[in-house]
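**Q** Given the coordinates of chain A, work out where chain B should sit on it, guided by the hints.
Protein chains: 2
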Amino acid sequence: MNFNKRYSDYKEIFENELKSRIETINSSNQTLKDAMVYSLTVGGKRIRPVIMLAVAEVLCVDFNKVLPFAVALECIHTYSLIHDDLPAMDNDDLRRGKPTNHKVFGEAMAILAGDALLNYAYEIVLRSITDNNSLSAGRLLALYAGAFGMVGGQALDILSENELKSEATLYKIHENKTGRLLLASTLIPSCLCGNEGFDKLSQYGKNLGLLFQVTDDILDVTSSVDKLGKTINKDANENKLTFVTLYGLDGAKKYAKEYYEKAKLAICDFEENEFLIGLLDFIIGRDH
Amino acid sequence: MNFNKRYSDYKEIFENELKSRIETINSSNQTLKDAMVYSLTVGGKRIRPVIMLAVAEVLCVDFNKVLPFAVALECIHTYSLIHDDLPAMDNDDLRRGKPTNHKVFGEAMAILAGDALLNYAYEIVLRSITDNNSLSAGRLLALYAGAFGMVGGQALDILSENELKSEATLYKIHENKTGRLLLASTLIPSCLCGNEGFDKLSQYGKNLGLLFQVTDDILDVTSSVDKLGKTINKDANENKLTFVTLYGLDGAKKYAKEYYEKAKLAICDFEENEFLIGLLDFIIGRDH
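If you read the sequences in order, they're chains A and B.
Under the numbering used here, the first residue of the first sequence carries the number 1, and numbering increases by one thereafter.
Under the numbering used here, the first residue of the second sequence carries the number 1001, and numbering increases by one thereafter.
These are calculated hints, taken from the structure and not from any lab test.
Hints should not be assumed to be uniformly reliable.
What the simulated footprint calls covered on chain B by chain A, stretch by stretch (three residues with Cβ under 8 angstroms from a Cβ of chain A suffice, anywhere in the stretch; the number is not a length) [claimed, not checked]: (1) 1025 to 1031; (2) 1080 to 1090; (3) 1111 to 1119; (4) 1138 to 1146; (5) 1196 to 1202.
Each residue gets a CB set at the ideal place from its N, CA and C atoms; glycine is no exception.
So that you can see chain A by itself, here it is in the shape it has in the complex (with noise of 0.2 angstroms):
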């Protein structure tokens, strides 16, 4: 297998859905749609859809039914994203190499681009519920992203930069805030075959979101501006809790290698886990 080229191929499907998908974002504003789309567009990894269509695949589900789900998923991250770069939250100009949404947009767009990919994100979601799995499917994205999930943890983000700087707290945020939705992005897929592997995809889905978070926070103090594409340093420099901060650089390298061991464990009876071995791969090797 060709890691490389299956997850450009991945990545490919799922370009092109986004884009079909958002000519047909139905806004009363051109402005507000040009603030959705740019950030929208402005690249990434697009790692939650790749790793949505690859545990499709292993579970013979169509692309079909998996693609909506897909492009919500990417759309709930990315108003995230916008949200956490605002002045009043993050404060960064940066991500991806581009100038972050409200440098370009202003604050008062970008938090209503961000209010409007949420809403997108829903709108999609109801458009494609046919069946019960589908269904399933909507309501567990809908549980991890809000304040049992995502948001959950960026609020206890928030708090913790100036208390509660414990394991447990530090476990808890990255759990829920970068957790929750690569998580979903593994049991999306499951759920909308009747939960087919649904415990084993959920044991490698908690601990690949650990293990993307753990590498996070490694690259903040290890990688470049030019590799990384936003601000380094910015989690020891606001005294934010980190693997880094509270177990030191060879204290979080230790628990990366911990949870791609038991990410990979969970999944080692799956016929076809090549590619989410890979991915595991690509996560902790990865320079941005």
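**A** Same frame as chain A, but now just chain B:
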């Protein structure tokens, strides 16, 4: 019919439903939940839920079917107020006579509380889908809340501060920013019973929405801070496009009367239309 009694009965039914739903909000973080609940329970006329219950009663739709959508719609309305009040948007310190969300919880948490409420609205919607009627109600809500509807109107409102001072723009802002959620309140009960009375309720809801907004514009210049519970004369001071800034106070009052009559006419042959007409009197006659 005692309008006030019936209004407060509907309101109480809604408040009880909201209270029990709030208890089930699943947040991984207590501060985030506190911020969500603060704005959800800070008061307000609950006009959208009241409209939904009133229309449901006219159409003989089971309140248990409509109440989850009423809570979802109120969550969407509430999140939009939280984001609207932010310094980067309208920069308001007061809402319903109380400090705005970001004044109490800080800007970052207010942004996240808004995001979480929007998400939670769709959590409720997705949990309440049991058939094609409830699915079509969910789809209508998503369409009217997003870039095509409310968020699109908010975006146009921001753009209109410096340009686009035309009658067509004013109408488009109001149709979307305030109008779409009020329209959704009249149409969701119809969706829930296979679109009974849809066209008439559509006319009623559109004109009720415009009536609501023109009254709002009038109150901005004629009411007091005490009564309104928020800053007055804000629109004029901020160079906003309103019915009053475009047509003057008398012109705005003429439009209010016109929308009132059109809304009334739309439902003239409904058997039980007394409360729906009462709602128009309530809106045109309110002093806050």
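**Q** Compare the structure with each hint and give your call.
**A** We went through each hint and held it up to the structure:
| no. | hint | in the structure |
| --- | --- | --- |
| 1 | 1025 to 1031 | holds (count 6) |
| 2 | 1080 to 1090 | holds (count 6) |
| 3 | 1111 to 1119 | holds (count 7) |
| 4 | 1138 to 1146 | holds (count 6) |
| 5 | 1196 to 1202 | violated (count 0) |
Hint 5 from the list above is the single one not met by this structure.
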